[in-house]
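When you get a sec, could you build the whole thing from the sequences and use the hints?
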Amino acid sequence: MLCGIDEAGRGSVLGPLVVGAVYSESDTAVIGIGVKDSKKLSPRTRERMYDQIRDVCRTGTVIASASEIDELRKTVSLNDIELGMFVKACSEVPVSVVYADCPDVNEAGFSKDMGMRVKGPEIIARHKADDIFPIVSAASIIAKVTRDRMIEDIQREFGMNIGSGYPSDRYTMEFIEKWIKDNGSPPPHTRCSWEPVRQMMTLSKNTRISDW
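In this note's numbering, the protein residues as written are 1146 to 1357.
Just so you know, these hints were derived from the structure itself, not from any lab. Please note: incorrect hints may appear among the correct ones.
Unchecked claim - Result set (DSSO-like, lysine-lysine): computed pairs, CA atoms no more than 30 Å apart in a straight line:
1) Lys1264 with Lys1219
2) Lys1184 with Lys1273
3) Lys1219 with Lys1323
4) Lys1181 with Lys1233
5) Lys1273 with Lys1257
6) Lys1257 with Lys1184
7) Lys1185 with Lys1273
8) Lys1219 with Lys1326
9) Lys1184 with Lys1323
10) Lys1219 with Lys1233
11) Lys1257 with Lys1219
12) Lys1273 with Lys1181
13) Lys1273 with Lys1233
14) Lys1257 with Lys1181
15) Lys1264 with Lys1233
16) Lys1350 with Lys1323
17) Lys1233 with Lys1185
18) Lys1219 with Lys1273
19) Lys1350 with Lys1219
20) Lys1181 with Lys1219
Unchecked claim - With beta-carbon atoms standing in for the labels, derived distance ranges:
21) Leu1217 with Phe1303: 36 to 42 Å
22) Arg1294 with Arg1315: 21 to 27 Å
23) Gly1329 with Gly1265: 49 to 55 Å
24) His1272 with Met1146: 40 to 46 Å
25) Gly1329 with Glu1192: 36 to 42 Å
Note that the structure is predicted; figures quoted are calculated from it, not measured. For glycine and all other residues, C-beta sits at the position ideal for the given N, C-alpha and C.
In structure tokens, the structure reads:
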């Protein structure tokens, strides 16, 4: 049994980090679907392939909320958080080989660390694994679609455009900045430990002091 693992939302400032996993006896089925790195697919294609992947493979997700990430970041790095999530994802089903999109600059080191925590399967962690291994491409689609749906839920909760959740998205950053200005604290679902948010909070406090 093979397992492919990838994440969505690693660098986002708003919303969850989602790790997707796909389990299959071979990658033949997902190759037939035509899977690619989720970033290279349109939202409509990702949604279609998400259903197709779930029809032919077992899938799973491991999700860390913004508040959980903030709490974990007090003691461990983001790579360590992902490592733990990857380990959990590939431990749900007995597998012989795990292919993972490596978040660390050191592929061999990450593979070794993961292998020490997952007894049994061979661990192959590579940069751009979602381009190299179809089973990881499939996992990237599971992760991306799951996260996109969660962002849509968060947007409905706020009743306004919150963007994609990434710091490169001006709608996201303008939403967070206005919320902080109006409420004195970041909105729910925000990663307060992220530097852009910390800077906004510092600026907001300085502005409030100068207002006096």
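How the hints compare with the structure:
Straight-line distance between C-alpha atoms of Lys1264 and Lys1219 comes to about 28 Å, which keeps the hinted pair within the 30 Å bound. A C-alpha spacing of about 12 Å is found between Lys1184 and Lys1273, which places the hinted pair at or below 30 Å, so the restraint holds. Straight-line distance between C-alpha atoms of Lys1219 and Lys1323 comes to about 26 Å, which keeps the hinted pair within the 30 Å bound. For the given pair, Lys1181 sits about 24 Å from Lys1233 by alpha-carbon distance, which is consistent with the 30 Å threshold.
Restraint check: the Cα-Cα separation between Lys1273 and Lys1257 comes to about 18 Å, which is no more than 30 Å; the hinted pair holds. The hinted pair formed by Lys1257 and Lys1184 meets the criterion: a straight-line CA distance of about 27 Å does not exceed 30 Å. About 12 Å separates the Cα atoms of Lys1185 and Lys1273, which keeps this hinted pair within 30 Å; it holds. At most 30 Å may separate the alpha-carbon atoms for a hinted pair to count; Lys1219 and Lys1326 meet this at roughly 25 Å.
Distance restraint check for Lys1184 and Lys1323: the Cα-Cα separation of roughly 29 Å lies within the 30 Å cut-off, and the hinted pair is therefore satisfied. Our distance criterion of 30 Å between C-alpha atoms is met by Lys1219 and Lys1233, whose separation comes to about 21 Å. Only pairs whose Cα atoms come within 30 Å are accepted, and Lys1257 paired with Lys1219 is accepted, the gap being roughly 24 Å. For the suggested pair Lys1273 and Lys1181, the alpha carbons sit about 11 Å apart, so the restraint of at most 30 Å is met.
Restraint check for Lys1273 and Lys1233: the C-alpha separation of about 21 Å stays at or below 30 Å, so the hint holds. The straight-line distance between the Cα atoms of Lys1257 and Lys1181 is roughly 26 Å, inside the 30 Å bound, and the hint therefore holds. This hinted pair checks out: Lys1264 and Lys1233 have alpha carbons roughly 12 Å apart, not beyond 30 Å. Between Lys1350 and Lys1323, the direct Cα distance comes to roughly 14 Å. Compliance with the 30 Å bound is thereby established for this hinted pair.
The suggested pairing of Lys1233 with Lys1185 holds, with an alpha-carbon distance near 27 Å, which does not exceed 30 Å. Proximity of Lys1219 to Lys1273 is assessed by CA-CA distance (about 28 Å); at most 30 Å being required, the pair is judged to hold. For the given pair, Lys1350 sits about 22 Å from Lys1219 by alpha-carbon distance, which is consistent with the 30 Å threshold. Between Lys1181 and Lys1219, the direct Cα distance comes to roughly 35 Å. Violation of the 30 Å bound is thereby established for this hinted pair.
Taken as a hint, the range 36 to 42 Å is violated for the pair Leu1217 and Phe1303, whose Cβ atoms sit roughly 25 Å apart. Take Arg1294 and Arg1315: their Cβ atoms lie about 23 Å apart, and the range 21 to 27 Å holds. Distance hint check: the CB atoms of Gly1329 and Gly1265 are about 50 Å apart, consistent with the given range 49 to 55 Å. For His1272 paired with Met1146, a C-beta distance near 24 Å fails the hint of 40 to 46 Å.
About 38 Å separates the C-beta atoms of Gly1329 and Glu1192, a value consistent with the hinted range of 36 to 42 Å.
Of the numbered hints listed earlier, those contradicted by the structure are 20, 21 and 24.
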